[in-house]
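Participant: Under UniProt numbering, think of the first position of the sequence shown as 1, with each following residue one higher.
What the hints contain is simulated information worked out from the structure, not anything from laboratory work. Check before you lean on any hint, since a few could be wrong.
Unchecked claim - Each pair of labels, with its calculated beta carbon distance range: (1) P138 <-> I85: 16 to 26 Å; (2) S235 <-> A31: 22 to 32 Å; (3) K35 <-> S108: 19 to 29 Å.
What the hints assert, rightly or not - Here are the simulated DSBU-like pairs of lysine-lysine, each with C-alpha atoms no more than 30 Å apart in a straight line: (4) K144 <-> K182; (5) K144 <-> K111; (6) K211 <-> K78.
Ideal Cβ positions, reconstructed from N, Cα and C, are used throughout, including at glycine.
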Amino acid sequence: CDTKQGNSEVPDDSDFSSFKAQCEDHEGWSARYSKGGVTVWCRDEECDTVQKLKMRIVCKDVTAETLYDVLHDTSYRKKWDTNMIDTFDIGRLTVNADVGYYSWRCPSPLKNRDFVTMRSWLPLGSDYMIINYSVKHPQFPPKKDYVRAVSLLTGYLIQSNGANCCTLYYLTQVDPRGSLPKWVVNKVSQFVAPKAMRKIYKACLKYPEWKRKHNPNLKPWMYPEQNTLPCISLSELTLQRADSLENIDESGLSEEKAQHSDDEEPAS
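Put together the whole structure using the sequences plus the hints.
Facilitator: Shown next, in the form of structure tokens:
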């Protein structure tokens, strides 16, 4: 597989180091939520938009390896990620980088969003990292019913805290392509983000049992020889720049008193 062409690049060690530093350094970040082991921060200068959020949760009774597997395992994700509409892998670039599609159910009445991203991962001692950013793939252009959003940088840092405990950081800088109403911004930091972190934690507790019954030895993210995805070349990809996408204004939309799904119960 080719890693040197086009204006998309596979992240290298310096990109992972920089990502880890952003997760651990809280200067310039404001805590917007802190309860029950979950903390949510946003960048001081960007608290008016859904631009840059960082979350942390301590996961007791979960190993760092299990959490890493859960975040990679697409077939399991369909079980626990109720915000997800669809996800699939498009192709691989290197032994630790691939390209995939993800569509996401937004709070009503907003339009749903979707992404095409290059994802790269790195186990580093007792730390594990997965990072992604948006790319354009000629066979997966924007769709009529979705707003194609842009991940400028999104990722996970998992740190082992001993034999059976770990800490998960989730950092996301996404351009949702549109002016979002204030209630959405508040709902994301106070409600959606903490709920999502707790959902990942619960999924981790159930994963070992689930995995025992579903291809227990299949982990292509750890064993590249198991990867059956078609090889794609970096030359097929270009960086997805936000300004080439349609921008929509949803700032005037009021919150619908829609049927609340199990997703939107207040975080306990």
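Participant: Run the distance test for K144 versus K182: straight-line Cα separation, threshold 30 Å.
Facilitator: 26 Å, holds
Participant: Is it true that the C-beta distance of K35 to S108 lies inside 19 to 29 Å, as the hint says?
Facilitator: At 25 Å between Cβs, range holds.
Participant: Taking the Cβ atom of P138 and the Cβ atom of I85, is their distance within the range 16 to 26 Å?
Facilitator: 22 Å, holds
Participant: Against the 30 Å threshold, does the CA-CA distance of K144 and K111 hold or violate the hint?
Facilitator: 11 Å, holds
Participant: Within 22 to 32 Å or not, the Cβ separation of S235 and A31?
Facilitator: Given about 43 Å between the Cβ atoms, the range is violated.
Participant: So if I understand the rule, the pair passes when the alpha-carbon distance is 30 Å or less; does K211 with K78 pass?
Facilitator: Holds. K211 to K78 sits at ~13 Å (cutoff 30 Å).
Of the numbered hints stated above, the single one contradicted by the structure is hint 2.
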